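Novice: If you're matching them up, the sequences are chains A and B in order.
Anchor point for the first sequence: position 3 equals 3 in the working numbering, and the numbering is continuous, going up by one each time.
Anchor point for the second sequence: position 28 equals 28 in the working numbering, and the numbering is continuous, going up by one each time.
No lab work stands behind these hints, which were simulated from the structure alone.
Treat the hints with care, since some could be wrong.
Partial selection, computed: residues in chain B whose CB lies under 8 Å from chain A [stated by the list, open to error]: (1) ALA3; (2) GLY5; (3) ALA12; (4) PRO29; (5) ILE47; (6) HIS58; (7) GLU73.
Given the structure is predicted, the values throughout are model-derived calculations rather than measurements.
In this text, a Cβ means the ideal position worked out from N, Cα and C, and glycines have one as well.
Residues per chain are reported as follows:
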Amino acid sequence: MSMAGAADATLVRPGEAAETEEKAFGFWIYLMSDAIIFALLFMTYLVMFGNTAGGPEAKDVFSLERAAAETFLLLVSSTTFGMASIAAARADRERVVMWLVVTAALGLGFLFLEFDEFRGMIAEGAGPQRSGFLSAFFTLVGTHGLHVSIGLLWIFVMLGQIWMKGLTLPVLSRLYRLGLFWHFLDIIWVAIFSIVYLPGLL
Amino acid sequence: MDASGLPNERSAAPYLFGLALALILTAVPFGLVYFGGLEPTTTLIVIAFFAVAQILVHLRFFLHIDFHSTPTENLVVMAFAIVLMCIMVGGSLWIMFDLDWRMMV
Numbered sequence: 001m002s003m004a005g006a007a008d009a010t011l012v013r014p015g016e017a018a019e020t021e022e023k024a025f026g027f028w029i030y031l032m033s034d035a036i037i038f039a040l041l042f043m044t045y046l047v048m049f050g051n052t053a054g055g056p057e058a059k060d061v062f063s064l065e066r067a068a069a070e071t072f073l074l075l076v077s078s079t080t081f082g083m084a085s086i087a088a089a090r091a092d093r094e095r096v097v098m099w100l101v102v103t104a105a106l107g108l109g110f111l112f113l114e115f116d117e118f119r120g121m122i123a124e125g126a127g128p129q130r131s132g133f134l135s136a137f138f139t140l141v142g143t144h145g146l147h148v149s150i151g152l153l154w155i156f157v158m159l160g161q162i163w164m165k166g167l168t169l170p171v172l173s174r175l176y177r178l179g180l181f182w183h184f185l186d187i188i189w190v191a192i193f194s195i196v197y198l199p200g201l202l
Numbered sequence: 001m002d003a004s005g006l007p008n009e010r011s012a013a014p015y016l017f018g019l020a021l022a023l024i025l026t027a028v029p030f031g032l033v034y035f036g037g038l039e040p041t042t043t044l045i046v047i048a049f050f051a052v053a054q055i056l057v058h059l060r061f062f063l064h065i066d067f068h069s070t071p072t073e074n075l076v077v078m079a080f081a082i083v084l085m086c087i088m089v090g091g092s093l094w095i096m097f098d099l100d101w102r103m104m105v
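All chains, please: the whole structure from these sequences, using the hints.
Specialist: Right under this line is the structure:
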């Protein structure tokens, strides 16, 4: 549709506005229940922290520099997603695409560092089957990484939809919910470095 | 966050202010662990304090949650989730560490 473009963002049919409200609220309920899942994974990690079964301990397998780099990538990606949201509010299609691509690149960088960490740990015999501590670590940090992967896939789907449909109301509504998801994952990461990496390296 | 469910923030200032605050709140605990100036217990308390502060910064400046524009339903759901998390995490840790202590005596 060649007419699809920035101007469509202002065309709201009756009933559609209420629909985006409901979808955003429903997604917020999902995020809160996801937060409860993460809280319980954190609780499991804290209980398992000392159960190393004679295997590697936290300070043998964690790297402060890597955790700092991952933190930085995710934090900056949260900000660049904010820039994409601003561009979407201004119906500036080129800038939305540009900032989403930057956000996806930062997210990919984060995932690369995390995969590299997991691969290194498994290669030196510190895989999830080694001890209760490592099982809990891989479950917690891996679940967050899985969420980031899904968020990344969602960004690519949104890029495709913006390319094909333009910034229509349903696309803007999905972009808004993706923003909630992406900022939420950064909050979970704050808890991960504050509960897993920093205390583990003390 | 407001009731519209659509992107509506038009100023970059909150994001950049949030980024600056979050960078400071991240750098201090990482620096404490890297340089190791304080006792471990004190460091843990400082890390916890900065984590809570940074989460509040993210909620305010990235998710734009406040007490004016955010719908009350969203705040109630969040408050309920926080209560559930406190009960489940606090209760589980209490039970598990109490059991551990009983096994040891």
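Novice: Next, verify each hint and record whether it holds.
Specialist: Comparing the hints with the structure gives:
no.: 1; hint: ALA3; result: holds, 5 Å
no.: 2; hint: GLY5; result: holds, 3 Å
no.: 3; hint: ALA12; result: holds, 6 Å
no.: 4; hint: PRO29; result: holds, 6 Å
no.: 5; hint: ILE47; result: holds, 5 Å
no.: 6; hint: HIS58; result: holds, 5 Å
no.: 7; hint: GLU73; result: holds, 6 Å
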